[in-house]
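Going down the list, the protein sequences come from chains A and B. My numbering applies: residue 656 is where the first sequence begins, and numbers increase by one. My numbering applies: residue 3 is where the second sequence begins, and numbers increase by one.
Calculated from the structure, these hints are not laboratory results. Keep in mind it's a predicted model, so treat the numbers as computed, not measured. Take the hints with a grain of salt, since some may be wrong.
Beta-carbon label-pair distances, calculated as ranges [said to hold, decoys possible]:
no., chain 1, residue 1, chain 2, residue 2, range
1, A, 839, B, 10, 53 to 63 angstroms
2, A, 835, B, 33, 21 to 31 angstroms
3, B, 78, A, 673, 12 to 22 angstroms
Some chain B residues judged to face chain A by a derived CB distance under 7 angstroms, without partners named [claimed, not checked]:
no., residue
4, 12
5, 19
6, 23
7, 25
8, 61
For each residue, glycine too, the CB sits at the ideal point set by N, CA and C.
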Amino acid sequence: MLKEERQERELVDRLVLKEPSAWKELYDAYAGNLSVVGSRYLREKEDVRDILQNSFIKMFHSMASFEFRGKGSLRAWMTQIMVHESLKHLKQQAKLDFTTDVAEVADFVSEEEPDLELFTQKELLGLIQSLPLGYRTVFNLYVFEQKSHKEIAMLLGIKESSSASQYHRAKQVLMDKLTELKTLKLDAT
Amino acid sequence: MNHKWLERLRNQLKDHEEAPPQGLWQELEKELFKPAQKKGIVLYTEQVKRNMLLFYRSYESRAAAFAGLLLASLFVWTYVKQSNHSDKPQVAYQQSRGEASRIIQAPLDSMNVLNQTSGRELGTLSAMESTIRMDSDLLKVEAADSLKNQQPAFGNLKKSAFNDRRLMNPQVLVSQKLGIPTPAKLKIQEVQAKRRQLRSTGAEVLRRSACCSNINFRHELGNSDADGKCTSRHRPTPGECTFSGSC
Numbered sequence: 656m657l658k659e660e661r662q663e664r665e666l667v668d669r670l671v672l673k674e675p676s677a678w679k680e681l682y683d684a685y686a687g688n689l690s691v692v693g694s695r696y697l698r699e700k701e702d703v704r705d706i707l708q709n710s711f712i713k714m715f716h717s718m719a720s721f722e723f724r725g726k727g728s729l730r731a732w733m734t735q736i737m738v739h740e741s742l743k744h745l746k747q748q749a750k751l752d753f754t755t756d757v758a759e760v761a762d763f764v765s766e767e768e769p770d771l772e773l774f775t776q777k778e779l780l781g782l783i784q785s786l787p788l789g790y791r792t793v794f795n796l797y798v799f800e801q802k803s804h805k806e807i808a809m810l811l812g813i814k815e816s817s818s819a820s821q822y823h824r825a826k827q828v829l830m831d832k833l834t835e836l837k838t839l840k841l842d843a844t
Numbered sequence: 003m004n005h006k007w008l009e010r011l012r013n014q015l016k017d018h019e020e021a022p023p024q025g026l027w028q029e030l031e032k033e034l035f036k037p038a039q040k041k042g043i044v045l046y047t048e049q050v051k052r053n054m055l056l057f058y059r060s061y062e063s064r065a066a067a068f069a070g071l072l073l074a075s076l077f078v079w080t081y082v083k084q085s086n087h088s089d090k091p092q093v094a095y096q097q098s099r100g101e102a103s104r105i106i107q108a109p110l111d112s113m114n115v116l117n118q119t120s121g122r123e124l125g126t127l128s129a130m131e132s133t134i135r136m137d138s139d140l141l142k143v144e145a146a147d148s149l150k151n152q153q154p155a156f157g158n159l160k161k162s163a164f165n166d167r168r169l170m171n172p173q174v175l176v177s178q179k180l181g182i183p184t185p186a187k188l189k190i191q192e193v194q195a196k197r198r199q200l201r202s203t204g205a206e207v208l209r210r211s212a213c214c215s216n217i218n219f220r221h222e223l224g225n226s227d228a229d230g231k232c233t234s235r236h237r238p239t240p241g242e243c244t245f246s247g248s249c
């Protein structure tokens with residue numbers, strides 16, 4: 656554990672010095688995971704690619720401001736940048752719409768909690784990506800980035816109550832999709 | 003859907019990875035590292051710094067610095083010398099317990115400065131100036147007497163005095179040769195009487211004037227005894243003027 660932390664700190668030191676080998680190491684270590692982070696927000700692969708590129712450029716130029724706070728802090732910092740860039744992209748594209756699909760999903764009520772062991776990571780990611788954009792964005796921010804509704808409201812420029820309702824509906828849709836997929840899997844077996 | 007289920011969902015996707023977009027690193031490498039080389043600003047700056055460092059360390063730079071220093075010194079020396087030669091140097095002695103102790107050349111024009119700065123004391127100063135002249139003569143006489151006592155033969159004096167640059171003033175030698183008769187004593191009495199008179203009227207002015215008159219010794223400012231003689235003294239650098247304040 657300490658060794659890993661020391662290695663991460665050393666990597667950070669080299670990154671600050673802008674050593675190309677260190678940045679290649681960082682890319683190899685985290686680009687895959689950051690791609691997943693981007694894919695949670697953006698469906699298009701090209702968009703994910705652009706966001707990932709912008710994020711690395713931003714990291715490169717603001718590395719000196721990064722403060723190492725133990726193991727995992729680097730990854731958290733990078734993820735934060737990736738999420739921020741994704742949201743910026745969505746805002747620029749004016750893709751965020753928090754009024755759509757509300758009526759459509761209002762009737763979905765599922766109290767069942769599907770066993771997540773039945774699903775692969777790719778399947779889970781696919782289901783999240785299939786959520787309407789507004790739901791998906793709020794759901795990702797609340798569940799994966801662990802933001803409060805107040806923070807989400809500030810980030811997206813919406814009301815706090817709107818964020819809560821979006822999240823509520825997002826999880827209803829997701830539960831329904833998971834249940835549906837589970838049924839399909841059970842039928843297949 | 004409780005929080006534990008959501009946490010499990012989060013943890014399940016936490017380590018999920020996808021293959022990063024192909025060719026992205028090559029693009030990033032170009033974007034992040036090549037621009038710095040293309041711009042060349044950093045490298046140029048480093049090169050310039052390196053060249054400057056090499057120049058500082060080189061013999062040429064040292065020679066240039068030394069030449070500059072030499073020129074500056076020459077200029078200062080010339081300036082000081084000119085300022086000394088522009089004034090008429092006066093040589094005087096001060097007798098200290100029977101010994102002709104020191105002799106220092108210095109411009110008496112500093113008295114003029116004093117006159118300019120204190121216009122209200124003009125009358126007193128003009129009287130004082132004459133006193134100073136007499137005082138200066140008196141000192142010469144006293145010094146010559148002293149030399150005469152110590153050096154009975156002119157030849158001996160010649161040997162020792164001529165080796166000493168301070169005794170090369172012809173006035174001193176003439177006084178020595180002539181033996182300076184009793185009129186000097188008369189002058190002493192006359193000067194002392196004037197001193198007493200001035201002391202009674204304005205001790206402060208006298209003290210200052212005495213201090214300033216004894217420029218042979220270039221006294222430090224503000225140090226003078228009750229008789230108006232400066233108590234501390236130091237050898238001034240050529241051209242130095244210490245008569246800017248109260249003495």
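Do the hints match the structure? See the list:
1. Taking 53 to 63 angstroms as the suggested C-beta distance range, the pair residue 839 (chain A) and residue 10 (chain B) does not conform, at roughly 21 angstroms.
2. Here the CB-CB span from residue 835 (chain A) to residue 33 (chain B) is close to 43 angstroms, at odds with the stated 21 to 31 angstroms.
3. The hinted range of 12 to 22 angstroms is not satisfied by residue 78 (chain B) and residue 673 (chain A), whose Cβ atoms lie roughly 52 angstroms apart.
4. Nearest Cβ of chain A to the Cβ of residue 12 (chain B): about 6 angstroms, under the 7 angstroms cut. The hint holds.
5. With its C-beta approaching chain A no nearer than about 3 angstroms, residue 19 (chain B) sits inside the 7 angstroms limit, and its interface hint holds.
6. Below 7 angstroms, beta-carbon pairs count as interface contacts, and residue 23 (chain B) has one with chain A at about 4 angstroms; its hint therefore holds.
7. The beta carbon of residue 25 (chain B) is not positioned within 7 angstroms of any beta carbon in chain A (closest approach about 9 angstroms), and the interface hint is therefore violated.
8. A cut of 7 angstroms between beta carbons decides the hint on residue 61 (chain B): the least distance to chain A is about 36 angstroms, and the hint is violated.
Checked against the numbered hints listed earlier, the structure breaks hints 1, 2, 3, 7 and 8; every other hint is satisfied.
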